[in-house]
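Peer 1: Once you have looked at the hints, place chains B and C on chain A.
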Amino acid sequence: MKLLLRNIRLPLANFALEVDAEITHKVVALFGPSGSGKTSLLDLLAGLRRAPEAFISLDGQVLTDTAAGVEIPTRHRRIGYVPQDGALFPHLAVRENLLYGCNGKPPTDDGCSLTFEHVTEVLEIQPLLDRGIGRLSGGEKQRIALARALLSSPRLLLLDEPMTGLDFNLKGRVIEYLRRIRDEFKVPMVYVTHHLEEVFALCEELLVIERGRVVGHGLPQDLFVVSNEPTYRLKRANPE
Amino acid sequence: MSADEWWIIGFTVRVAAIGTLLILPPGLLLAWLLARYQWPGKPLVETLVALPLVMPPVATGLILLRLLGRRGALGGFLHDRLHFDIVFTWRGVIVAMAVMSCPLLVRTARVAFEGVNPRLEQIARTLGASERRVFFSVTLPLAARGILGGVLLSFARALGEFGATILVAGNIPGRTSTLSLAIYQLVQLGQDTDAFRLLAVSVTIAFLAVWGSEWLMTHRVRSE
Amino acid sequence: MKSPFKSLVLALALGSLPGAGWSAADTPAPVELNVYAAASLTDAMKEIAANYQKVGGARIALNFGASSALARQIVEKAPADVFLSADEAKMNDLEKQGLVLKGTRRSLLSNTLVIVVPADSALKIASARDLAGPQVKAIALCEPQTVPAGIYAQQYLRKINVWDQVVKKLVPTENVRAALASVESGNVDAGIVFKTDAGVSKEVKVALEIPAAEGPAISYPVAVLSGSTKAEAARKFVAYLESPAGIGVFRKYGFLIRPGSPAP
Numbered sequence: 001m002k003l004l005l006r007n008i009r010l011p012l013a014n015f016a017l018e019v020d021a022e023i024t025h026k027v028v029a030l031f032g033p034s035g036s037g038k039t040s041l042l043d044l045l046a047g048l049r050r051a052p053e054a055f056i057s058l059d060g061q062v063l064t065d066t067a068a069g070v071e072i073p074t075r076h077r078r079i080g081y082v083p084q085d086g087a088l089f090p091h092l093a094v095r096e097n098l099l100y101g102c103n104g105k106p107p108t109d110d111g112c113s114l115t116f117e118h119v120t121e122v123l124e125i126q127p128l129l130d131r132g133i134g135r136l137s138g139g140e141k142q143r144i145a146l147a148r149a150l151l152s153s154p155r156l157l158l159l160d161e162p163m164t165g166l167d168f169n170l171k172g173r174v175i176e177y178l179r180r181i182r183d184e185f186k187v188p189m190v191y192v193t194h195h196l197e198e199v200f201a202l203c204e205e206l207l208v209i210e211r212g213r214v215v216g217h218g219l220p221q222d223l224f225v226v227s228n229e230p231t232y233r234l235k236r237a238n239p240e
Numbered sequence: 001m002s003a004d005e006w007w008i009i010g011f012t013v014r015v016a017a018i019g020t021l022l023i024l025p026p027g028l029l030l031a032w033l034l035a036r037y038q039w040p041g042k043p044l045v046e047t048l049v050a051l052p053l054v055m056p057p058v059a060t061g062l063i064l065l066r067l068l069g070r071r072g073a074l075g076g077f078l079h080d081r082l083h084f085d086i087v088f089t090w091r092g093v094i095v096a097m098a099v100m101s102c103p104l105l106v107r108t109a110r111v112a113f114e115g116v117n118p119r120l121e122q123i124a125r126t127l128g129a130s131e132r133r134v135f136f137s138v139t140l141p142l143a144a145r146g147i148l149g150g151v152l153l154s155f156a157r158a159l160g161e162f163g164a165t166i167l168v169a170g171n172i173p174g175r176t177s178t179l180s181l182a183i184y185q186l187v188q189l190g191q192d193t194d195a196f197r198l199l200a201v202s203v204t205i206a207f208l209a210v211w212g213s214e215w216l217m218t219h220r221v222r223s224e
Numbered sequence: 001m002k003s004p005f006k007s008l009v010l011a012l013a014l015g016s017l018p019g020a021g022w023s024a025a026d027t028p029a030p031v032e033l034n035v036y037a038a039a040s041l042t043d044a045m046k047e048i049a050a051n052y053q054k055v056g057g058a059r060i061a062l063n064f065g066a067s068s069a070l071a072r073q074i075v076e077k078a079p080a081d082v083f084l085s086a087d088e089a090k091m092n093d094l095e096k097q098g099l100v101l102k103g104t105r106r107s108l109l110s111n112t113l114v115i116v117v118p119a120d121s122a123l124k125i126a127s128a129r130d131l132a133g134p135q136v137k138a139i140a141l142c143e144p145q146t147v148p149a150g151i152y153a154q155q156y157l158r159k160i161n162v163w164d165q166v167v168k169k170l171v172p173t174e175n176v177r178a179a180l181a182s183v184e185s186g187n188v189d190a191g192i193v194f195k196t197d198a199g200v201s202k203e204v205k206v207a208l209e210i211p212a213a214e215g216p217a218i219s220y221p222v223a224v225l226s227g228s229t230k231a232e233a234a235r236k237f238v239a240y241l242e243s244p245a246g247i248g249v250f251r252k253y254g255f256l257i258r259p260g261s262p263a264p
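Protein chains in written order, with my numbering: chain A, 1 to 240; chain B, 1 to 224; chain C, 1 to 264.
Simulated from the structure, these hints should not be mistaken for laboratory data.
Being a predicted model, the structure only gives us computed values, none of them experimental.
Beta carbons: idealized from backbone N, C-alpha and C, even for Gly.
The reader is advised that the hints may include incorrect statements.
As the list claims (entries may be wrong) - Under 10 Å between C-beta atoms, here's a sample of chain B residues computed to sit facing chain A:
id : residue
1  : Arg119
2  : Arg133
3  : Pro141
Bound-form chain A, shown alone:
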């Protein structure tokens, strides 16, 4: 994909989010400590927040251009969002949550034919379909939220720490599935995390954000030294 983030300026609580970057790979990770503005950036991409200054375009279509007064409404962006807490609709059963983005009908085929059966099978949520969401574990909720976003046939998927609450085995399986989404179904993703192994397992491009600023942008292996130590060391010499 080609995702242009130009001249973005969004004042936050203690600092301003300032981003100017061009994303060219299919899966990009937003990496950084909590509170650095990553979720706000996702909100801007989805059109859930407005910045005083921003230019965002996806594959040539301008989504936001404050200078020209262009702001495509969220519902027309077809950008799926899996927030950190899942945000499932509490008054709907699992099945109805999943089908919300398709208006209750099966998703249309436009090169992104993720079928209901397939998605629910791989994310292992088929036994849960008729449950109310009050009695689900955190991990189950995450998977359902992911499935729900996928079933709306998005052309970009935003994931905010989607592995929260998943156990080690399930993480591996879900990462596998996300790779398939990337490779077979070709849905690009913006992936927020602060777990480095997820970055290396899945992402092709990496944006490191600290206190609202991009302090690193490039390929994961160029930015990080992987060592046997449990911590990482960021190379500050940053090739843009």
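Peer 2: Just chains B and C now, with coordinates in the frame of chain A:
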């Protein structure tokens, strides 16, 4: 309980119900706007909505009488052009009840809407829902219990309305006589026993309505 | 901490010193009488009270309302000294309960009923039977079970067999001035009030006067109440009402004068 008394009870419940139903759409809309949006002049709107709650009901009744009377800005038009009277008719009762109980509905509905996690509405938008669909498929169902509690509360308020009603509709036996107006008249006549009988009915209905309202408002669907 | 009791005693002691306002050597405070009067007497009584003060009489605090409401207040021990009712029945009730000071009751005034319409109304009322007609949709009337003006009106309407046809159109009001105000506002088509009320308002006109011969016997009794603590001053005031000075004002406002005599 005499036939007249049953008529009074039935009439009061009917007009209170109609009045409550009438204010439901505009009241919900206003509550939603107040819950979700900011705009210049919003404090003024909030104050105007709250006014009938704190003003003396007869003062509100006087304003309504001026507006809706045969010589009033609105009432004059209705009387002269459409041969339609509001004051001293059952319609006046409904208007008085509606105006006096509207603030309660708007307040509780606003709280109900504010209790709906905006994140859920945002997610619905990312899934392609229009604003209308978001409201009816996400916001409203999650706020439903709180709203229903507000409906019951404003129904109870409408039932007990007196000050504005007596000015706008008078206490015409068989035409505009509500429970509160009838109790007042019976006290005037010195018929305290009859007054207490109607009082008991009035208290029972109000008790049930408020109890139901409280139960609904504390058993809201909790949204994350 | 001083006990509150001690402080109270101290305050009382200080307060009883000369110059503190409680000395018996001070001149007595001016007498104030509480006079409860039927609403139709509002303008006349205000003028009489002002005149009375000018000639050195007591200060009159006036309380106007429907005679029925006032009578009930008196029964509930309201501090009234003099009562002017718009019908004998209310006074009879009070007398039965021993609330009237013997020998002070007089039947003072009479009045006439009129049918009024808003000043700009085109309605023609040739006889009271026209009230049953279709152009009359709402009639203001005092509460016909309790308020004298309403009782008189109901008596008359029943007498001419029109009551059943108009009862559905009646807008009952609390007192005769409220009925007048309803007609003034234009929200009713007609009203039945006393002629004296119609006289004080420019916004209504008299459509029909009910002749005294055909109408009900209207009588306004006055009495000093047995609960009054200023009976002497009250008697003096009642005497003033019956004097030429008082009678003159009543006549001016259109009241009919009955020969002063105790009620039967």
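Peer 1: State for each hint whether it applies.
Peer 2: Each hint tested on the structure:
Restraint check, B/Arg119 versus chain A: the minimum CB separation of about 5 Å is within 10 Å; hint holds. For B/Arg133, the shortest C-beta to C-beta distance to chain A is roughly 9 Å, which falls under 10 Å, so the interface hint holds. For B/Pro141, the shortest C-beta to C-beta distance to chain A is roughly 5 Å, which falls under 10 Å, so the interface hint holds.
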